[in-house]
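In terms of the numbering used here, the sequence shown is residues 13 to 97.
To be clear, the hints were calculated from the coordinates, so they are not data collected in a lab. Think of the CB as a built atom: it goes at the ideal place given N, C-alpha and C, for glycine as much as any other residue. A hint or two may mislead.
What the hints assert, rightly or not - Straight-line Cα separation of at most 27 angstroms, BS3-like style, residue types lysine-lysine; simulated pairs:
| # | residue 1 | residue 2 |
| --- | --- | --- |
| 1 | 32 | 18 |
| 2 | 39 | 18 |
| 3 | 18 | 58 |
| 4 | 86 | 67 |
Unchecked claim - Computed spacing ranges between beta-carbons, pair by pair:
| # | residue 1 | residue 2 | range |
| --- | --- | --- | --- |
| 5 | 91 | 59 | 39 to 47 angstroms |
| 6 | 87 | 53 | 42 to 50 angstroms |
| 7 | 91 | 55 | 45 to 53 angstroms |
| 8 | 19 | 55 | 14 to 22 angstroms |
| 9 | 87 | 31 | 54 to 62 angstroms |
| 10 | 19 | 82 | 54 to 62 angstroms |
| 11 | 88 | 25 | 47 to 55 angstroms |
| 12 | 84 | 55 | 42 to 50 angstroms |
| 13 | 19 | 56 | 18 to 26 angstroms |
| 14 | 95 | 61 | 31 to 39 angstroms |
| 15 | 95 | 52 | 22 to 30 angstroms |
| 16 | 41 | 61 | 29 to 37 angstroms |
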Amino acid sequence: MVSHMKTTINITDSLLEEAKELIRQEKSTLRALVEEGLNRVINERKARKRFTLRKASFEGNGLQAEFEGESWQKIRSAAYEGHGE
Numbered sequence: 013m014v015s016h017m018k019t020t021i022n023i024t025d026s027l028l029e030e031a032k033e034l035i036r037q038e039k040s041t042l043r044a045l046v047e048e049g050l051n052r053v054i055n056e057r058k059a060r061k062r063f064t065l066r067k068a069s070f071e072g073n074g075l076q077a078e079f080e081g082e083s084w085q086k087i088r089s090a091a092y093e094g095h096g097e
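Produce the complete structure using the sequences and hints provided.
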């Protein structure tokens with residue numbers, strides 16, 4: 013069973029005027045236009061694929077011994093050592 017609920021929406025005057033012109037041309041109703049728009053947006057958003065980050069790791073044995081337990085600051089400084097001077 014489909015139920016209906018009355019609600020109030022605030023839209024700009026210019027958008028409402030465009031909507032009224034369209035519903036006059038199509039002999040439709042504002043309710044039908046709003047429902048069509050909402051259905052379209054909801055379906056588009058449901059259909060979007062979620063972003064999945066591809067696996068970009070590489071084989072290795074982790075950090076070099078000199079960086080084990082060190083801060084990211086020290087690791088980053090070593091990576092950029094000699095660059096930008």
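Going through the hints against the structure:
1. Restraint check for residue 32 and residue 18: the C-alpha separation of about 19 angstroms stays at or below 27 angstroms, so the hint holds.
2. Restraint check for residue 39 and residue 18: the C-alpha separation of about 22 angstroms stays at or below 27 angstroms, so the hint holds.
3. For the given pair, residue 18 sits about 25 angstroms from residue 58 by alpha-carbon distance, which is consistent with the 27 angstroms threshold.
4. Taking the CA atoms of residue 86 and residue 67, the gap is about 26 angstroms. The hint holds against a cut of 27 angstroms.
5. At roughly 41 angstroms, the beta carbons of residue 91 and residue 59 sit within the given window of 39 to 47 angstroms.
6. Hint check: residue 87 to residue 53, Cβ distance near 45 angstroms, so the stated range 42 to 50 angstroms holds.
7. The hint said 45 to 53 angstroms for the Cβ distance between residue 91 and residue 55, and at roughly 46 angstroms that hint holds.
8. The beta-carbon spacing between residue 19 and residue 55, approximately 20 angstroms, falls within the hinted interval of 14 to 22 angstroms.
9. Under the hint 54 to 62 angstroms, the C-beta atoms of residue 87 and residue 31, about 57 angstroms apart, fit the expected range.
10. The supplied range of 54 to 62 angstroms is met by residue 19 and residue 82, whose beta-carbon atoms lie about 58 angstroms from each other.
11. At roughly 54 angstroms, the beta carbons of residue 88 and residue 25 sit within the given window of 47 to 55 angstroms.
12. Range check, residue 84 to residue 55: Cβ separation about 43 angstroms, and the 42 to 50 angstroms hint holds.
13. Taking the beta carbon of each, residue 19 and residue 56 are about 22 angstroms apart, inside 18 to 26 angstroms as hinted.
14. Look at residue 95 against residue 61: about 38 angstroms separates their beta carbons, and that is inside 31 to 39 angstroms.
15. Separation of residue 95 from residue 52 is about 50 angstroms and departs from the stated range, judged on CB atoms against 22 to 30 angstroms.
16. Checked against the hint of 29 to 37 angstroms, the pair residue 41 and residue 61 passes, with Cβ atoms roughly 34 angstroms apart.
Of the numbered hints listed earlier, the single one contradicted by the structure is hint 15.
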